[in-house]
Every structure is written in structure tokens, then in C-alpha cells.
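Protein chains in written order, with the UniProt record's numbering: chain A, 1 to 315; chain B, 1 to 315; chain C, 1 to 315; chain D, 1 to 315; chain E, 1 to 315; chain F, 1 to 315.
Quick caveat, the hints were computed from the structure, so don't treat them as lab data. One thing to keep in mind: the hints can contain errors.
One copy or any two copies: either way a pair holds, since identical chains are not told apart in the list.
[Claimed, not checked] Derived DSSO-like pairs (lysine-lysine); straight-line CA-CA distance at most 27 Å:
| # | residue 1 | residue 2 |
| --- | --- | --- |
| 1 | K309 | K253 |
| 2 | K260 | K289 |
| 3 | K68 | K138 |
| 4 | K42 | K79 |
| 5 | K32 | K68 |
| 6 | K214 | K279 |
| 7 | K176 | K214 |
| 8 | K291 | K115 |
| 9 | K214 | K309 |
| 10 | K289 | K138 |
| 11 | K49 | K151 |
| 12 | K183 | K309 |
| 13 | K199 | K291 |
| 14 | K49 | K260 |
| 15 | K79 | K214 |
| 16 | K260 | K68 |
| 17 | K214 | K289 |
6 protein chains.
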Amino acid sequence: MIKGIGTTAIGESFEGYMLIKDVIKGVTSNGKPFLTLMLRDKTGEIEAKLWDTTKEDETVCVPEQIIKLAGEINQFRGKAQLKILSFRPSQPTDDVHVSDFVEKAPIEKEELTEKLTEAIFEMQNPTLQRLVRAFIRKYQEDLLVYPAATKNHHEYVSGLAHHIVSMLAIARELHKLYPEMNKDLLYAGIILHDLGKLKELSGIVTTSYTLEGKLLGHIPMMVEEIGLMAKDLQIEGEEVTILQHLILSHHGKAEWGSPKPPLVREAEVLHLIDLMDAKLNMMNRALSKVKPGEFTERMFAMDNRSFYKPIFEEK
Amino acid sequence: MIKGIGTTAIGESFEGYMLIKDVIKGVTSNGKPFLTLMLRDKTGEIEAKLWDTTKEDETVCVPEQIIKLAGEINQFRGKAQLKILSFRPSQPTDDVHVSDFVEKAPIEKEELTEKLTEAIFEMQNPTLQRLVRAFIRKYQEDLLVYPAATKNHHEYVSGLAHHIVSMLAIARELHKLYPEMNKDLLYAGIILHDLGKLKELSGIVTTSYTLEGKLLGHIPMMVEEIGLMAKDLQIEGEEVTILQHLILSHHGKAEWGSPKPPLVREAEVLHLIDLMDAKLNMMNRALSKVKPGEFTERMFAMDNRSFYKPIFEEK
Amino acid sequence: MIKGIGTTAIGESFEGYMLIKDVIKGVTSNGKPFLTLMLRDKTGEIEAKLWDTTKEDETVCVPEQIIKLAGEINQFRGKAQLKILSFRPSQPTDDVHVSDFVEKAPIEKEELTEKLTEAIFEMQNPTLQRLVRAFIRKYQEDLLVYPAATKNHHEYVSGLAHHIVSMLAIARELHKLYPEMNKDLLYAGIILHDLGKLKELSGIVTTSYTLEGKLLGHIPMMVEEIGLMAKDLQIEGEEVTILQHLILSHHGKAEWGSPKPPLVREAEVLHLIDLMDAKLNMMNRALSKVKPGEFTERMFAMDNRSFYKPIFEEK
Amino acid sequence: MIKGIGTTAIGESFEGYMLIKDVIKGVTSNGKPFLTLMLRDKTGEIEAKLWDTTKEDETVCVPEQIIKLAGEINQFRGKAQLKILSFRPSQPTDDVHVSDFVEKAPIEKEELTEKLTEAIFEMQNPTLQRLVRAFIRKYQEDLLVYPAATKNHHEYVSGLAHHIVSMLAIARELHKLYPEMNKDLLYAGIILHDLGKLKELSGIVTTSYTLEGKLLGHIPMMVEEIGLMAKDLQIEGEEVTILQHLILSHHGKAEWGSPKPPLVREAEVLHLIDLMDAKLNMMNRALSKVKPGEFTERMFAMDNRSFYKPIFEEK
Amino acid sequence: MIKGIGTTAIGESFEGYMLIKDVIKGVTSNGKPFLTLMLRDKTGEIEAKLWDTTKEDETVCVPEQIIKLAGEINQFRGKAQLKILSFRPSQPTDDVHVSDFVEKAPIEKEELTEKLTEAIFEMQNPTLQRLVRAFIRKYQEDLLVYPAATKNHHEYVSGLAHHIVSMLAIARELHKLYPEMNKDLLYAGIILHDLGKLKELSGIVTTSYTLEGKLLGHIPMMVEEIGLMAKDLQIEGEEVTILQHLILSHHGKAEWGSPKPPLVREAEVLHLIDLMDAKLNMMNRALSKVKPGEFTERMFAMDNRSFYKPIFEEK
Amino acid sequence: MIKGIGTTAIGESFEGYMLIKDVIKGVTSNGKPFLTLMLRDKTGEIEAKLWDTTKEDETVCVPEQIIKLAGEINQFRGKAQLKILSFRPSQPTDDVHVSDFVEKAPIEKEELTEKLTEAIFEMQNPTLQRLVRAFIRKYQEDLLVYPAATKNHHEYVSGLAHHIVSMLAIARELHKLYPEMNKDLLYAGIILHDLGKLKELSGIVTTSYTLEGKLLGHIPMMVEEIGLMAKDLQIEGEEVTILQHLILSHHGKAEWGSPKPPLVREAEVLHLIDLMDAKLNMMNRALSKVKPGEFTERMFAMDNRSFYKPIFEEK
């Protein structure tokens, strides 16, 4: 079995297939060309250097290309760096695919679909249910594969659906504890809150922002889409405005991208559940990489904090 | 000729027609009922007290009712206050109308229409021109009478159109000085930037916020409307996104209600022209009420500043 | 059955027993003495005026005294105000008690005790369990009756225990969804996080801050108490420090009173659950007082927002 | 004709005259001395490396020296870098001058002078006019060549005069649209607002801050100068104080260096026109360097934004 | 001996001479005129009401007038209020003077002069000494009587000189502990730092802001004055610039009115000593008014804090 | 006598003993291992490079090891860097000790002890004196050697005691000028305010933060310790709470780590004296390294300011 890059230590040599995520050309201070590659397999990412490159090397090494390489892992400025000694592009006979090299949600697409469907079944308000169903139909394919973000939390294949399904689970339990809440409104808000990202982000593997994403952002884009969809379905009434409000306000504050703060109870709760799931996703993944008694690396989206993993265990 | 309320001094008596803007019921510490009325005529506003009111008084005195009254102006906690001695509701034979009691833009509707039309004629980009024309057609009636806001700047009948027309004049001159700018885009942004207020605000005389206005706000509402209008007109392309961006970003900063800051030159200039015209409108009106050597009252929307009117004059 | 003050409309007369919460002496502009009383029964609070008071009135009307009164409800500056026409102090034969006049948690003390005990039984880490048990023993009596705060959320009898029990329920469900969390640590943090309030606040009915509360605050006081308790129980080890950290950081940010932000996963989650339960408590109670289609009063602790209650219902 | 540095691509060789703006000595990790030079010609700037330098090289290569060089352009860390292969200092017979190597305003000094004079002629208030004339006389020479800043906007030869002249043009048109404004005061404020920079900055080519500039800043220095000038001219009266106020407040806010915010209408307008011209100068120059469909580089003084250049054109 | 207003309790009657600081006319809700007077004697200030006033009363009761009155002290909205029963203006034969009614520094003018002179004698740098002497000569009279502010700290006759003298004492001791400091520079900065207030404030008894004070502020005004004075004395050199910097930066931050923060050691120390003396002056005076075990009233200039006076004493 | 590292210029060779403070392993871009060492002797610190290291080199070069080395000082990226040409670990016969290589307070331990003792003798309140004595006894050893911080101010051996003793001297003089202050309380606060650092920091030479330090911080840790100590000494009463308040609030603001701001006069003064001494320590040391007419390096803890050293001298 081939070892992964994430489990190879500094000082060891490495051999295997890797996916190119990004490429930057450079010249050394002596004027020699080289490439800096960002490579990944399922176990992690690494920066790699290919020295003394030829024109042909530059033609081969492009984003989303898979290469087979041999090299050794050094430390450069405190970080691991792979020095490529030899490589070739992958061939059809290698039977390796882009999907083999990207991180995925810990839950399969089928299960995510099932849980989404289940939640929609629970909904009883016909207007909200129709709107949600229409969006699920429209975006079914992308919704099941897109990440929830380019970085920070749920930034992996099916990350968006994973985020939605986790939030629905929290919402279901919270609704039992606080039955005053309108579960249908909360469910609809959760399912739709980040769908605008399907148009804000460019794709799954090497995700960037679309022009619309940069100039408008996923929140106003989704508010508009709900308006258009309601018009298409000939739905009118307060539900539409309030659902748009949930999307608009789910970042909680103007500074964070919501021109209106939550002004409906379920909007406030949507914001809190979103925070809760995103933060647990970030903390759990960072903590899984360190040993008890250690601190995680600093997490930008957690106010740049570094978390401690206690030594004592729950027994 | 009947003297106006704005030109009657403290200590004097007043007689004339006034429009009721707002009514609050109260009881004195001795348990006697009274009404606090906010009254206005074309020359200004005043708080009035009607003591020892009857049930009938309460039925007559409602917002948008015109009354004929006699009273005297006292000072209460540093502000002028009208004590109503006698009054009666206006009658058809009085030939007085709500429109006689509200402040209006210093330019007539006809001239505003003409200047708007002129600007649209100057536009050469067919996509932007079609979109602008379609909105002018849709909102023609309201656009010519709505205020630009409930308070602060251009808060009078036709205030919105007055604001747009002034901004267009600045834009025309700026474009001559900086011809790199896209005039069509700037004009389209100026004409549409605040049209969302026609749905955010409830009306002209006693203006308040609609539910949609409170939960979504005029900026996301207008972004959505442009999307819907473009779809109706079967317009596609970058112009639509960029025009939506101009609307979305025209408050300049997330904290001020724009989820994206201006990222297109004309968006930045739209924001600056909007500031320039709004601030000049506020300052000019406040300064027109004080004498040289005095300071104006504090203006909330100008960071609570009070402006000084110099004594020396431009000759 | 005697009607409550919270259900008597402006303009009606009222007769019944009420508890005095606060008393301020004043003189009218004519130099006549009067009392402003803050009164409450189980249905609500009201400001009351007792005009032309005698020395004897002032001796009788003191905080925590119950009086029987007759009066009428007027409106003064937009708020209901009770004008007392006659009153007498309650007598033993009236069989009325302070506890009859204060708001209580919607769950009985017995049930709260049971739920607390249940949670402690679930805990498996002996160190954390011993510490928690010791505190429950020490503060058993106060813990079951104190409010969680003087205002904003859970500001009623048994409010603190109610808050703890609700948070434990959220934690239990969250732990099922995110089993990586250390449940024992989270439970211990929830049960102890606000116990410092038992020394920060002066009591149950007319709650104010103690000198220690004003100069140190409940957070540092509780951190110290955990240290003292651990020493008494001869407990050492990381659990104590980390539990102190959970208490110290549970307000989330230095500006909000936590000198250290959460740096342990369960500390972050404790902070989020605390927010969630406090906010739902505030929103639910405010929304229960308005009708669909209306906005609640502004809530200071919710960033001064006013929440909308939608008209459509979950069916 | 000799090609410029700004139009030579990475990978090409370059030969020509360049001006040295800055020099930093260094040693390689092997202990060999080298020089990092910042070079410029009229078409742009580039960082250059001179490897294995001799003592003599260090004597020759000093700021404001012109050299003739041959080299090749590589890429280093994503930026172009010139590797110098050979060079010699320029000689009198080369007939090259410092002024040939620096960026200049797009308008000639003669035209700038004319436009300034024209504006002063328009002024009618004798006090303000005398003050302005006196300053123009005093600083005539420097005023026509200084940049408006060391970076960000109008940071080129005659940049300050160019900025003033553009602002005067905006002011002239604004005054037509808002004739309430005092044009003389506004003109005087515009002409003098940044003259303090002539003493705050050290010179034209390799501009840095003087000690006075660092410890006092151009705003208080100019306020003082107006006071001294008025005394010399035996001018007294409100005009002097108000003109000082315009200078003092033209950055708009205390945080931005104005101890008083604008408290006179023309002071507010001066601040807005300053912003408008500075921002258009920055945006226009950045956009001129990118193609339609691209974003500019991030601009620090525009809140670190990167602007988009639309594809569709004004036709 | 006549009792002072500051030592007369609520409920007691009062008779004596008082100085009118401020007068506001009002009408009661029944339309009767009355005056609200702010009165003071050496022991304190009180708000007073004169009911049912005549035209003559209004003529007599003007700021800086001394009246002899009889009245009684009531409580109104939690504050003491004097109800005037009878009064007459003071007459020459009463032999009472404005200076008898205003608070003064606890140190006599003679002693303040002596201490100032002493400090100047200690100075050894002739340039700084000459500048300081010139200012002392110019402002000698006002400097010894002006307050340091209109409110907050040292807001009494000779307050400015008292503040300077206290700061000099701290500086003398600090210089012994940290002899690296330049004592002359520090002394010069202390003596001049607030002299701009002599032109910013209108006078001693009923102090307000001058136009120059409002539009420029005491800091830029004093920086300018030092420049003018240096020119008059034909002094040049770094001392002048650095002394101007000390004045300019003594508020510590741009937000607090210093366009440059302290960039010279003695500038930083001047800022800290200014804070230290101002805060001790405020705290000591507030604490002198409460008993051990009590909190002072909230102090706006101390971040609205209320200070506790401990019960235990230093023995 | 051996020259120190702090007095050897760039370009010179250096030979002598140095202490290793920190070591980082690296590889060159060619894959060769090297060590970056942070070295110090009494005269200063320098970064050093040891190229082409062996396994043995890595074993020898560890923190707190003393080595004898020969090398030369180059400039790398604008900073001095030592290139090690040869080295060996120190031997017992070299008679060199860690204490020879670290910076120390300019006052000897004996004198610091004496001054501390003297201050305690001056105290008259028996409760405060007993508490202070108990802490001095408990921490005597560490207190005399610990630094006051890991960087910024008093970051040298005996730095904490030096800081305390300087603050006591300021307090003694301030108390003479403002005798209203409680000197005993102020002394107790000064002596104890930073003692929590003895448990927050790991040691003297290569100081880092303990887990308790990271999760709780020295302020809450010391508040707790005072509580424990008072309990041990069976001391009760307001002194304990107020002393805890002084410690808790001595950073002045919540954002700076004090959950309560100073609410007792002596707490405010403690905060100001702490600032005063820390800032003078930082400024004096930075200014001692530059020549008149120069600016110091930027100081992070002084808001990143760079201070100017004037040319003129106090004579």
C-alpha cells in the first residue's frame, strides 16, 4: 500500500501519485528557472520544488494534472517541503482520477441526500416546502459536491451538504427543547442559507470566486434567487420576505456581510447554529491533528486562536 | 396673508390652518387627559398641546387631518410649543389640501422630469438605457413625489427626484473633468440607486418603513428588482451584474449597509457623489436657518456636528 | 379571582395585593411630597404614584413590603402608570407572601434538582464529578432559587437553575452529534459557569450587586472558588486548571469580561450554548407578549433589536 | 529609440540609462557582497541586483546617480527583477538629466501656472486673495514641482500643482450647482490645503519626511504659516481663523489627522473634493494598467481594494 | 457666620448671598413663566426655581449678578433643588464680590507664582528658558486666574496654574528617579502645554469657548503661538520644533486631539504626568464628598466610572 | 579582555563564549542542513548561522548550552548576522556560567531586597503588611531573579524586582504630593501586582508561558492566590477584596486583561505608575542605543512608535 504525503515525515523519501493544485514559476538568484507546486493527495497537501525546469516541464505541470513523482521531504522555514527528484504525468493506464486526490465529507452523498429529503418531509408549511423543493431540484447536482467554502470550514467535496445536514440535526434537537420555534422556517433557512455559494464559487477542486461572487457575494445573490423562484412558482406572501430575511441576516452583523441583523427569532437561531457547526468543524479537524497536551496551529477564522487538547480523557 | 408657524415668535399668538402629522395621548399628573400633536404648515413644524381633551377631540385629531386653530406660542424646555386655545377640523369649503402643508423640492415636477429625460437621452449603451427606461416607466408616478428619506436629507415631496437630478448634474461635470469614466454606467447607477426606497417607505406625507423595508432594506430589494427586470427584458451580460454592484455598494462600507464596498470606479464615484449631494442639501438647509456668526443646530447625519456661518461675505 | 396588574388595561381601575420592589421619594414642583413605587405581582410590574404622602406612608412603603391597594391605571409618557387612591400594608391574616409576587421559572425546583442530579450521574471523570458535587452541596439552597441575572435573561426565581438545566439539555444533544467533545468537561463547565453570581448578587427579590460583585465580578470570584475547593478536596491536576479556564473564558472576549478567550474546545462550546439559551430565553419571552404581525419592544441585551413575529404559522 | 524598462518583458534583456532611487547593501548567505538597487526611467521602476560588488561599485551607486547598464529581466518571488550584467555612471557627454527619469504630471508647468492664476483672478474677497497671492509668491518654485505625496496619489513631479488645479476645476462646477457656497473661501482652501507638504517632504526625486514633518506634520505646520503670513501682511479678522480651520480640518476626522472636523460648509466640501480627486487619480492610474475583464492590484490607500475594469464599453 | 449652600441639607431652609451662573426662562404647563437659575457660593452649586416671575425679575436675574435670597431646599428627581421664596439683587453696601462666590485653587496666587518662578530658575537651557519666560510675561495675569478647563478637572479659579504647579512637582521627583530625562524640556512642556486655553476659553466665571477655540482648539493655537514667539525672539533651532511637538502630542492620540502621538521621551512623560494630575484632581475631589463605604457619583471624564471609598483607614 | 558581541561591528570577526538561547534546524534550497542559533552574551544578542551541520552539531547546540566560537559578522537583510566558522561546547575548566551571559537589572539583588524591606517597614496597616510579608516569604527566591516579562520591559534577570522597586519610589513621592492616597494599599498593590508572573512564566533564561499561564493568565492566578493566602492566614475583611481588586484592575481596561476597570483611587494610581515605569524603562533603553538626531527602532509595546533623540542637551 502506498503511503500518503500527510503521513510521511521530514527527512523521509516519498513516491506516489499527486494532484497539482497550483503552480508558480520562478527564477533562482542565479537566474535558473524552477517551479513551486502545490500538491495534494487524500492525506494532505505539501509545497514542492522542481529545480532547473525545462519548457516541457512547464507544459506538463498545470493545475488539475496528476503526476507520479519521487522525491524527499525537507524542512524549509519551519514547514515541510517536497524536493521533486523525478516525475511523469499520469497515464490512462495508471487508473488514477482527480476524485482520488481530494478531501471528502465523512458522510457519503447518498446518506446526505437521504437526510436532506427526510428534513423536507418533516416540513408542514406548503409554501416553504415548495420553495425548498424547487431549489433542491434546481441545484441537486452541485449541492451534493460543492464545498461550503474555499477555506476555514467544510472546505472539502460535499462540504456544503455536510454542513447543511449537521445544522439540520442541531435544529431538530433545539426545536424539541424550544418548541416555540417555527421548525419549517428554520429548516428552510438552513437548507437555503448558503446555496448562493454554488454561484459564488467556481467549482470543486480548485475553487475560486466568480465575477458575480466578487461583485455581489452569495448573500444578495441568494436573496435575489428566492425572489425569482417565488415569482416563477407564483408564490406570494410573508413567507417569501421572511425567508429572504433569514438568508440576508444569517451572518449576524453588517460588518460580517448581513445588511440587516436577524430580526426574526428563527433568523437569530439560524445564525447561531451556523456558527456552532462551522466552529465545531474547524476545532474538531484541527484538534484531530495534534496530540493531547499540545496546542493546534492558529486558526484564522477562530480569531487566530490556537486550541489546547487536554491530557485527561473522558472515561 | 396668513403668517406661517415657522415665522411666528415665542410669546406671539397664532391663527391658521395646520396639518396633523402625529398624535400622542397623555394624562397629566392630576389624571386629566390631553393630546400632544405634531403640526405643520409649509413654513415649519411645531409641537402643540391640547389640554383637557374630550372623546370627540380624540376622534377628530388624527394624522393627515387639517385643522383650523387659534393658540399661543410658549417656550417649554427650550423649545417652542403651541398651546391650542380653540380649533375645528377643516371643511371642504375651506379649500385647503394636504399638499399645501408639506415641504416640496425647490424644483417643479415638470422640470425634474425633463432633466431626467435629458440624462437618459445622453446615454449611449443600449442595455443600460433600456433598463433605466423600464424602471422610469414602472415607477414614474412615485418617483416624482417620494422623498429621498424620512429624515436627514431631501426629506420632502419630490426629494428623491431632486436628489437624482442634482447628482446627475455633478456627474455630468465630473465626467468632463475625468473622461475616463463610463458616463452611462454612472448615470444608470445614479438614477436607480435609491429606487428601492419606493418600496421601503410607506408613502409621502407620514412616511414610515414597510415590513419588507424593515427586514430587507432598499439596497437588497433594488438589487433583486434589477435582476427581475433584466429577466423580464431578456437582458443578459456583465452590465446587469455591474449595475447591481453599483446599487449594492453605494453606501460605501459594510457597516453602512453595503455588503460589498465599491469595486468598480463608477461605483466609488457614485458613492462620493451621493455623499456630496446629501451633505450639501443638509448643510445648505441648516445654514439657511441661522444668521452669520451663528452655529446651526446639531445635525445627526453629519456626525452630530453644528456648522458655523461666517460673517464675512463673498462679494 | 383577583385580576393581575399585567392584564389590566390603561383606563381601568385595579384592586389587589402588590409587592413593593423599590421606592423613591420626590416633591412636586409645588413642593408637595410624593412617592414613586415600583410594584409587582406575578403577572407583571408597574410604576405607581402615591401623591401627598405623610411621614407614616413613608414608614410603611419600603422594599419587600406587601400592600393592598386600590387605584387606577393611566398613561404617562407612553407608559402605564398606577395612581394609588388608597392602600394599607398586608397583615398576617391576609395570608399573602413575598413568594406569591415574584416571577418563577416555568419548571419546579424539584424537577430542576432531579435534572441536575441526572446530569451529574452521567459524568464519568471522577475529578470533575467530585468538584461539581462539592459545589452543588455547598450552594444547594441558593442555587435553586437565585435568578441568573438582575435583568435581561432568566431574571426570575430559580432562573439560574433553569438556565443550567436548559444548557445541559442542549449539551447532551450536541454531544451526540459531535461525540469528539468531552461531555464531562462540558457538563462541569455548564453547572459551575455562573455560580459566582450567588456571591455577586445580593439576593432573590430585590437583587443588587455586592461590594465583591462590583469590585471583582462573578467570573474571577468563581475561578478563585474552584481553586479553594480543589485545595480543600486535595484535588490536583489539569482538570482543575481547565475547568477554571472554562469559567474564565465563558463570556468569549476580553471586552465582555473574559480575560482569556476560549482556548479549549469545550470552553468555546460552553460559550456558544450559554449564548444560545440566554438569547432564546429573551426572544421567547418578548415574543410571547406580542401578537403575530407585531414587533417586540427593543431588547437591550440583543443589541437593542426589536423582533418581528410572523403572521403565518407552522401547521 | 531606446525601449523603456516599463515595456520590457520578463525574460528579455535590457540596455539603457536609468536613475538610481535607492540602494541597499547586502551579503549573500555565502558572505559575498551585493547591491539591491531601485532604478527608474520614465516608463517605470524596477528592483535590480548587482552581484559580487566591489568597493568602487558602492561608491558609484548612490541615489540620484544616473547609470548606463545592460542586464536581463528575471522573475523573483512573482515580481520582475533586473540582473545587472554591466554598467557605468553617466557622463556629461551622454546628455541625460535627472528630470528625464521621473514621472511628471500630464499637464505642463506653464498650464498649471496659468490655471492657478486664473482661479486667483476669480476671487473677489481681498483678504483671502492677498493671503493666497502671498503664499503663491513665497512657494512659487517648489509648488510647481513638488509631488502631492510620497506615494498613493499624485506622487510625481508637479503632482501637488496638478492636484490643486483639478480640485479647482471641480470646485468651479460645484459652485455653479450650489451657489450658496463661498467660492473664494473654497478656492483659498484648495490652493493652500497641502502647501505644508513643501516643508514636510524633503524634495522631489527621492522624497522623504523632514524632522519637522515627522514631529508636527503638514497640517499644523500650515496652520502656523497662515498665522505668520497674516501677521506679516497685517491681516486680521475672521477670514484668517476660518481659512486656518479649513486647512486644519481637511482630513475630515481626528483619526485621520484633523484635530477638528469640518465645522464650516466650505471646509466639508474641501474635504470631499480632496477625496474625490485623490481617489480618481489613484483609480484611473491603476485601471490604465489593466485590461478590460481584469482587476487592478490592491491599492492600500483605497482600503486595500482591487478594482474591476468592465468589459463592455461606453459607446 | 452664614452657612453655605453645599452644607445645607434637603428639607432645610436657606438664606444668604449667591452668584447667578446661568438663567433659563420657562413656562409651566399652565403657561405661567418661571426661571431656572444655576446658583453658586463658595461651598457649592444648586439649581433653583423662581416661580411666577415678573418682567422685572427677568431683568435682574442675569449671569454674574449676585442676589440675596431666602428659600428652602427640596428634592426633585433625586437632586437637591432650591425653591426661592424671596430675593433681591446685592447692593454696594453689601460688600459682596464675584470672587467671593467662586471656587478657587487650594493654593494662593502668590505661592503659585513663586513655585512657577522657582521651576524656571531651575532650567538651564537658555533657549527653552527664554521662550518660557516670554510666555509667562505675556500671559502672567490670565495664567494666574484661569481654570484649566470648563469642567472635569481643575475647573476653578487659578486651576490652570494649580495644574501646572502640581505637574512640575511630579516632574521634579520623576527626574530624580529617571535622570536620563531632559528636565528643561519637560518643564517647558508642562508650563506651556495648556496655555492655548487662555485663548480657547472666554473667561473665568462663566467660561465658554471662543470662535477660535471652537474652530481651531487650544493645541494648534498654542503650536502657532510658539512659532510666532520664537520668530519675535529670533530663536531658531530644534528646541522650537521639539517644544511645539510636546504641545501638539500631549493628548497622546489622534482621537484625543493630538495629530501626532508623542515621539520624544519627554513628550510621552508630559502626557502621562498630565493624566496623572488630572485624574488625581478629579478622584480626590469626588471622594472628598462621600463617606467611607460609599461610591462617588459617576465621573464622565473617568470613563463614567464611580469610585469606591474603602472603610479601613491608613493608620 | 574579551570584546562583547554588542560592540563588534559588521565586517569584523568575533571570538568568544556565547550562550545559546534558541535553535532552529533548516535545510538550504540545495538540501543541506544548517542551524540558525540565537546567541547572547552580556552585551547583546545576535542571530548566527552554522552551515553544513553534522548530527553531532545538532546534539551539542541546544538551548542554555554555552559555546566558544569564532566567526565573522555579516549583514543579512539589513540586520547583523554571525557566520560561525568554528566552535566547541564550553568545559568546566572554562569557568563560564549561564549567569554570565544574561542581562541583569542595573541594581543588585541585595539592594533590591533592602528597598523592598524598607517599603514594607513603612506600611502601617497590619492586615496589608501581613499579606505582603507572607508573599515575600513564599516567593523570595524567584521574586529576586525573575524578569517582569518575556519581552518589552524589564525583560532581564531581577527585572520584576527592579520594576517593583522603581514603582515604589514613584509611589512614595506621589504620596507626598497627594497625601489623600492610602500609601499602604498602594504599596501592597505594587508589590503584589505582577507576582502571578512567577507562575505564568516558566523561568529566567529561556522564558516561556506555562499551561496555567496560557489558559488563566497572571492576573486571575494572583487574585486566586491572594484569596488562598488570606484564608491560610485567617485574614478577613475589606482589605482582601480591595487588594484583589487592585490586582484585577491594574491593566486598566477589559481589552487589556482587566475584567474590572480601577474603581478605587489607589487602583487607578497603581495602573498609572505601572504604565509610567514600564514606558520609561522601554524608552530609556531604546534611546540609549541611538545617537542624538536619530530615531529608535519601532517599539511594539509603545504602539509601534519610533522615538526621536534630540540633538540639543540639557546643560
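Outcome of the hint check:
no.: 1; hint: K309 to K253; verdict: between (31 Å within a copy, 20 Å between copies)
no.: 2; hint: K260 to K289; verdict: between (38 Å within a copy, 23 Å between copies)
no.: 3; hint: K68 to K138; verdict: neither (38 Å within a copy, 62 Å between copies)
no.: 4; hint: K42 to K79; verdict: within (19 Å within a copy, 33 Å between copies)
no.: 5; hint: K32 to K68; verdict: both (24 Å within a copy, 25 Å between copies)
no.: 6; hint: K214 to K279; verdict: both (24 Å within a copy, 21 Å between copies)
no.: 7; hint: K176 to K214; verdict: neither (39 Å within a copy, 30 Å between copies)
no.: 8; hint: K291 to K115; verdict: neither (33 Å within a copy, 34 Å between copies)
no.: 9; hint: K214 to K309; verdict: between (37 Å within a copy, 13 Å between copies)
no.: 10; hint: K289 to K138; verdict: neither (37 Å within a copy, 40 Å between copies)
no.: 11; hint: K49 to K151; verdict: within (23 Å within a copy, 36 Å between copies)
no.: 12; hint: K183 to K309; verdict: between (35 Å within a copy, 14 Å between copies)
no.: 13; hint: K199 to K291; verdict: between (39 Å within a copy, 24 Å between copies)
no.: 14; hint: K49 to K260; verdict: neither (47 Å within a copy, 37 Å between copies)
no.: 15; hint: K79 to K214; verdict: between (31 Å within a copy, 24 Å between copies)
no.: 16; hint: K260 to K68; verdict: neither (51 Å within a copy, 42 Å between copies)
no.: 17; hint: K214 to K289; verdict: between (33 Å within a copy, 20 Å between copies)
Violation of the numbered hints given earlier is confined to hints 3, 7, 8, 10, 14 and 16; the remaining hints are satisfied by the structure.
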